[in-house]
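**Q** The listed protein sequences derive, respectively, from chains E and H. Positions 1 to 93 (full-length UniProt numbering) are the ones given, in order, by the first sequence. Positions 1 to 195 (full-length UniProt numbering) are the ones given, in order, by the second sequence.
Heads up, a few of these hints could be off.
Each pair of labels, with its calculated beta carbon distance range [as the list claims (entries may be wrong)]:
(1) Val31/H <-> Ser46/E: 29 to 35 Å
(2) Thr29/H <-> Asn37/E: 26 to 32 Å
(3) Ser25/E <-> Thr53/H: 39 to 45 Å
In silico BS3-like links for lysine-lysine, alpha-carbon gap of 27 Å or less [claimed, not checked]:
(4) Lys63/H <-> Lys103/H
(5) Lys61/E <-> Lys103/H
(6) Lys61/E <-> Lys26/E
(7) Lys103/H <-> Lys127/H
(8) Lys47/E <-> Lys39/H
(9) Lys61/E <-> Lys121/H
(10) Lys36/H <-> Lys26/E
FYI, nobody ran anything at the bench for these hints, they're computed from the structure. Just so we're clear, the structure is a prediction, and the values are computed from it rather than from any experiment. Even glycine gets a Cβ: it sits at the ideal position worked out from N, Cα and C.
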Amino acid sequence: MSSRRSRQASSSSRISDDQITDLISKLRQSIPEIRQNRRSSTVSASKVLQETCNYIRNLHKEADDLSDRLSQLLETIDPNSPQAAIIRSLINE
Amino acid sequence: MQPTSSMKEEFLKKWQMGLQIYRPLIDNTSVSERRKAIKLSADVAMASLRKGTTCWSRALIQKTATEDNFLVRQMLSGIKAETLINKKLPKVMCHRKIVRRSKKILRRRQSRSAIEEVAAKARKLVKKKTQGLRNVVPGGEFMSNDVLLIQETLDYIVSLQTQVNVMRSIVDAAEAGSERTAYYLGKLKFAIEDG
């Protein structure tokens with residue numbers, strides 16, 4: 001009885017390990033730094049997760065920076081310039 | 001998976017809608033308030049792409065609603081805004097029973113081979129790194145299941161890439177000198193249509 005249960009337990013944890021392996025390889029493909037590396041398949045799961053955190057943080061920072069730049073633009077822009085037209089079309093569309 | 005052109009288009013439309021809501025204020029507020037408005041609309045636009053189907057998008061909407069309830073309600077007026085804002089995120093998302101049971105069984109195993117020891121160490125290391133992920137993905141603190149966490153992370157990354165790509169194209173076009181404006185406008189159109 002207990003041997004059957006432990007067999008079931010190991011098969012359920014094996015399935016979940018496979019799922020995680022599969023998901024981590026998908027992550028590997030999504031992170032540009034890893035994807036561009038020729039030996040990407042040898043990057044460990046731990047490194048993939050670390051790089052994923054870093055990548056997400058970088059994306060956050062870039063989005064903040066872009067919001068900054070856009071808000072500065074609205075401040076200093078000459079209303080008659082082509083740049084203003086672009087922003088106006090963004091806001092008026 | 002990469003951001004598709006339809007994702008980028010939909011993000012841009014929703015973001016524009018958010019910025020329009022702020023339009024009366026844009027002329028009369030400080031730079032920092034404008035910046036906040038731009039960022040918040042971009043976040044809600046990104047989250048609404050998923051129409052409440054992912055944890056991270058629901059968590060992000062709730063978080064934004066605490067900063068600007070009005071904006072979120074206006075932007076989501078078509079998509080069950082009330083339910084998304086007020087829905088309580090449960091403490092633990094799913095598969096708690098399975099995790100608990102397999103943990104108990106793992107502990108009960110008295111003898112462990114060397115291979116199992118290595119696997120256990122690797123799992124522990126992965127556990128530590130997934131904690132870092134929980135800190136950066138919205139709603140991550142509610143995802144105790146690692147599989148769910150990584151699935152959500154994958155979707156969140158594609159959405160973030162969409163947001164940043166579109167924002168970058170707009171800002172680059174707007175900052176360009178007049179002789180390059182036409183170039184950037186074309187590039188923006190290309191970037192959105194081509195995906």
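**Q** Next step is simple, just say for each hint if it's right about the structure.
**A** Each hint tested on the structure:
no., hint, result
1, Val31/H <-> Ser46/E: 29 to 35 Å, "41 Å, violated"
2, Thr29/H <-> Asn37/E: 26 to 32 Å, "45 Å, violated"
3, Ser25/E <-> Thr53/H: 39 to 45 Å, "24 Å, violated"
4, Lys63/H <-> Lys103/H, "33 Å, violated"
5, Lys61/E <-> Lys103/H, "38 Å, violated"
6, Lys61/E <-> Lys26/E, "23 Å, holds"
7, Lys103/H <-> Lys127/H, "13 Å, holds"
8, Lys47/E <-> Lys39/H, "30 Å, violated"
9, Lys61/E <-> Lys121/H, "33 Å, violated"
10, Lys36/H <-> Lys26/E, "33 Å, violated"
The structure fails hints 1, 2, 3, 4, 5, 8, 9 and 10 (numbered hints given earlier, in ascending order).
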